[in-house]
Amino acid sequence: MGDMSDLKEREDKLQGMGTSMLRKEDAKFIRGQGNYVDDIKMPGMLFGALVRSPYAHARIKGIDKSKALAAPGVVAVLTADDLKPVNLHWMPTVGGDVQAVLADQKVHFQMQEVAMVIATDRYAAADGAALVEVDYEELPAIVDPKKALLPDAPVLREDIADKNDLTHGPRTHPNHIFTWEAGNKDATDNAFKNAEIVVREEILNPRVHPCPLETCGCVSSFDKASGNLTVYVSTQIPHLFRTVLAMLSGIAESKIRVVGGDIGGGFGNKVPIYPGYVVATVASIVTGVPIKWIESRMENIATSSFARDYHGVGELAADKNGVIKALRFSALADHGAFNSHVSATKFPAGLFSICTGSYAIPSAYCRVDAVFTNKAPGGVAYRCSLRVTEAIYLIERMIDVLAQKLNIDKAEIRRRNFVKADQFPFTTPFGWTLDSGDYHTALDKVLKAVDYDGLRKEQAAKRADLNCPTLMGIGLSTFTEIVGAGPTAVCDILGIGLFDSCEIRVHPTGGVIARLGTMTQGQGHATTYSQIIATELGLPASDIVVEEGDTDKSPYGAGTWGSRSTPVSGAATAQAARKIKAKAKQIAAHLLEVAEGDLEWEIDRFKVKGNVSQFKTMKEICMVSHTGNLPAGMEQGLNAVAYYDPPNLTYPFGAYLCVVDIDKHTGETTVRRFYALDDCGTRINPMVIEGQIHGGLTEAFAVAMGQQVPFDENGNHLGNTLMDYFLPTAVETPHWETDHTVTPCPHHPLGAKGVAESPHVGGIPCFSNAVVDAFAHLGVTHMDMPHNAYRVWQQCNQLGVNQR
Amino acid sequence: MNVTLEKSFPLPGSAETAWQLLCDIEAVAGCMPGARITERIDEQRFKGLVSVKFGPASLSFRGEIELKSIDATSRTLVLSGKGTDSTGSSGASMDLTARIEAVDGYNCTLIGNSTISVSGKAATFGGRMMGSVADQVLKQFADHFGARVEQMQGSQVAFTDQPGSEGAGPIAARTTPPTAVHRVLPKATAVVQQPAELNALSLLWGMIRDGFKSLFGTYRR
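Taken in sequence, the protein lines are chains G and A.
Sequential numbering from 41 applies to the first sequence in our numbering.
Sequential numbering from 1468 applies to the second sequence in our numbering.
Excised from the complex, chain G in its bound form (with noise of 0.2 Å):
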């Protein structure tokens, strides 16, 4: 046994689990020297520009390319025709239904891709595409989805009127997708039918964009000798991409290499495939040069994976003290023109079932109604791809409304419903079985950070006081998470199981390469994942390279959303690394001549139990692996992969508490206090874990406060730049204040969960409640997103309260 500062020593060199390592990636990434889609440059490449629809719904009578193609520089321009012969004008989605990659004879939404212009450089494609004539007969088109399945509301999908059921179930009305439910109907009925108490309450999670700082694109070079496609593109999901391609294309997927490179941001908004990337890799295919397509940053908006836009109505019965006997919540959803929607095959409406929460209800009963507009299609996006923003902002909203109902003040009312801690495993009426979580203890410690009674004094007094110029308004959200898709037993894509992987290669040296079938967007895999093999293994994290993205290089696995990389590919890694461990241990018990039994694990050598002399370090051993001295009929080499099929998805939750300070007279809202407390079980790197909470957080503060993608009654998108949508900077994002507590996942081998989505799931409610507790005493009980001054002002112009 070393002594305490030999330990400690050892222990901070490697750098590993529960240390707060300075991220990897930075020093690229602040010296500007990160390697984008965009900075790729090949010889010979070409650009291509897309032809957008001006009208949301519209016939093509015609195109006439001629001008475009009699313009310098234009090489080419593609439309739905060109594409037929290749059978590529439409695609497949991995919601069941059909995509246009190029308008065919209809266009369903504004800035719909009608053409490409494919050019020598970007600005001649851009001039190309202004020169592209296309002839529209403007048709009605559907803005809001409570119109979709009027009996007389225009059909938008010709192409699959006569299609009764999209995979999901039969349809009732051609702009109707699917119908979606989930619990048990009768019983909630009947318990809503015996309840001393019930709230009802519409609430809207409107239609966002998560708005990347570097927009989707791509370069898809061809090589006709032989044979090979090359894509690289800002994706999040490189190895089903890959997947996607060879089936739309017919390439093997042998020949088909996709390299995701550094990517500036994803939220979900790079997960589905784009009909710019079909386009340009359909042009490769025939040019065969590579051809480069970027977005804008309008097209980016305007039209690639939204989120949200889900119409809900949230019931809640109950008994006079405020403990919930049952939850019925539906929503009409507004998928857009086409069914992209990406979800784990068996959920068409992705998670929405952990609807009831951190919260011990005995019946419920959930259900979606999916409807077609006119409007840009996608759906997966913004920090949580699967409706758990959905679902939880209904949860966290409603509890308020019954709280308010029966004068039960909103911390108690939650304790009343919390599932206990001793009651873990807990498996919800919807049949999610939560892992592990301790919610009194969050929720307590939250509180008594901020003096939650003082708070409370101070509201009231100021309440008291008419002649206060501020409204002051305290949220709460208590959220449970359900994240790392997931048991392939449930969940697919494709077909595909949502498993994934870790490779990892120890060299004689120590130095150790690590590559993994997630996709980093900004999470900090390389270092977090480092972490967890340097802990494993004993050998620094300084000296081992994690690499992704590039499907020629990484096992197969189902890339980075919905917070999976952790509980899915960070198992996997322990599970390769523990692997590695394993024989390290044999060789160290025949180096020593004893017994593997006789051997302990020391930080990073295997040592003689009780003898501090006899140890074999792993570098050592990393050496010794590549020798010939070793035992019996053993391989050379230190080297694992890892398949990790996770037996749960895991369960982080939290404790927020937001202080608003709101204008009477102007309806500016100023964020006095946020405290947000996490529980994500085991922590590897603190300080990432803290970044991704800032930047969550960041982000719900933007989708409650600003953020929406308005449309008029044509269909017109009126806010597709950061002149009109609401980005948060250093100048207006509030101080956060993090805490945590620490309760292990027991099905994951290192005890941790997902995180990053927790705090834009928990935070967006918690803002929402803090500025409906505002106006709580004047009988408000919500008010939809985004609170901006504007509609804040309008409540209180309402209510009176700005009168001098």
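By construction, these hints were calculated from the structure, which means they are not laboratory data.
Even for Gly, the Cβ is constructed at its ideal location relative to N, Cα and C.
Please note that the accuracy of each hint is not assured.
Claimed, not checked - Keeping only pairs whose Cα atoms sit at most 20 Å apart, straight-line, the calculated EDC-like set for lysine to aspartate or glutamate is:
{"#": "1", "chain 1": "G", "residue 1": "K186", "chain 2": "G", "residue 2": "D161"}
{"#": "2", "chain 1": "A", "residue 1": "K1549", "chain 2": "G", "residue 2": "D175"}
{"#": "3", "chain 1": "G", "residue 1": "K101", "chain 2": "A", "residue 2": "E1531"}
As the list claims (entries may be wrong) - Just the calculated beta-carbon pair ranges, DEER-fashion:
{"#": "4", "chain 1": "A", "residue 1": "E1506", "chain 2": "G", "residue 2": "K68", "range": "34 to 42 Å"}
{"#": "5", "chain 1": "G", "residue 1": "K101", "chain 2": "A", "residue 2": "E1510", "range": "19 to 27 Å"}
{"#": "6", "chain 1": "A", "residue 1": "D1538", "chain 2": "G", "residue 2": "G209", "range": "52 to 60 Å"}
Dock chain A against chain G, hints included.
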């Protein structure tokens, strides 16, 4: 983005004079700066082009307009128009009914009733201003129209001669904001130079053109 406007403007002249003017396509043309006829399809239908220049960007609008009816008894003119800018990024359409109502022997009222709809970038960037824009354009038209009527009535009108004002010089070169040309009368020479078909057409295109100028003027701030 749809905008419906019903506007009436008092005119210093008799209904008869005003109606004469409304039917006198040549003269009315002068009341609306803008547009060029590229093709007359038949008695009622024309094709036209209008170029707009705002800052570094210039937009060329192609469109078709139809004179639905000219009814002398009710002194009513009805037309509709539809256009797309040549980059294909915006569309616009309008239905207009213009009517002359007598007040007394020396005064009458021009009643304009129009529905304007824009789509694409025009709506994205400026849809929210369409109301005021169209409003302002109609007013501008009425001012010019009124001055013409007054002139026909033989009363004295002080002409403001403004170099580069409407009619004079290429439209594409005009950078004066709409408000500046407000109440400024076109050169008499400009009026007679206008092709006969321009009256209805220029009313539509004038709206769209000035509309765009204000929209993008604001956008670039």
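To see whether the hints hold, each was checked on the structure:
no.: 1; hint: K186/G - D161/G; result: 44 Å, violated
no.: 2; hint: K1549/A - D175/G; result: 12 Å, holds
no.: 3; hint: K101/G - E1531/A; result: 16 Å, holds
no.: 4; hint: E1506/A - K68/G: 34 to 42 Å; result: 59 Å, violated
no.: 5; hint: K101/G - E1510/A: 19 to 27 Å; result: 24 Å, holds
no.: 6; hint: D1538/A - G209/G: 52 to 60 Å; result: 57 Å, holds
Comparing the model with each earlier hint shows violations of hints 1 and 4; every other hint is respected.
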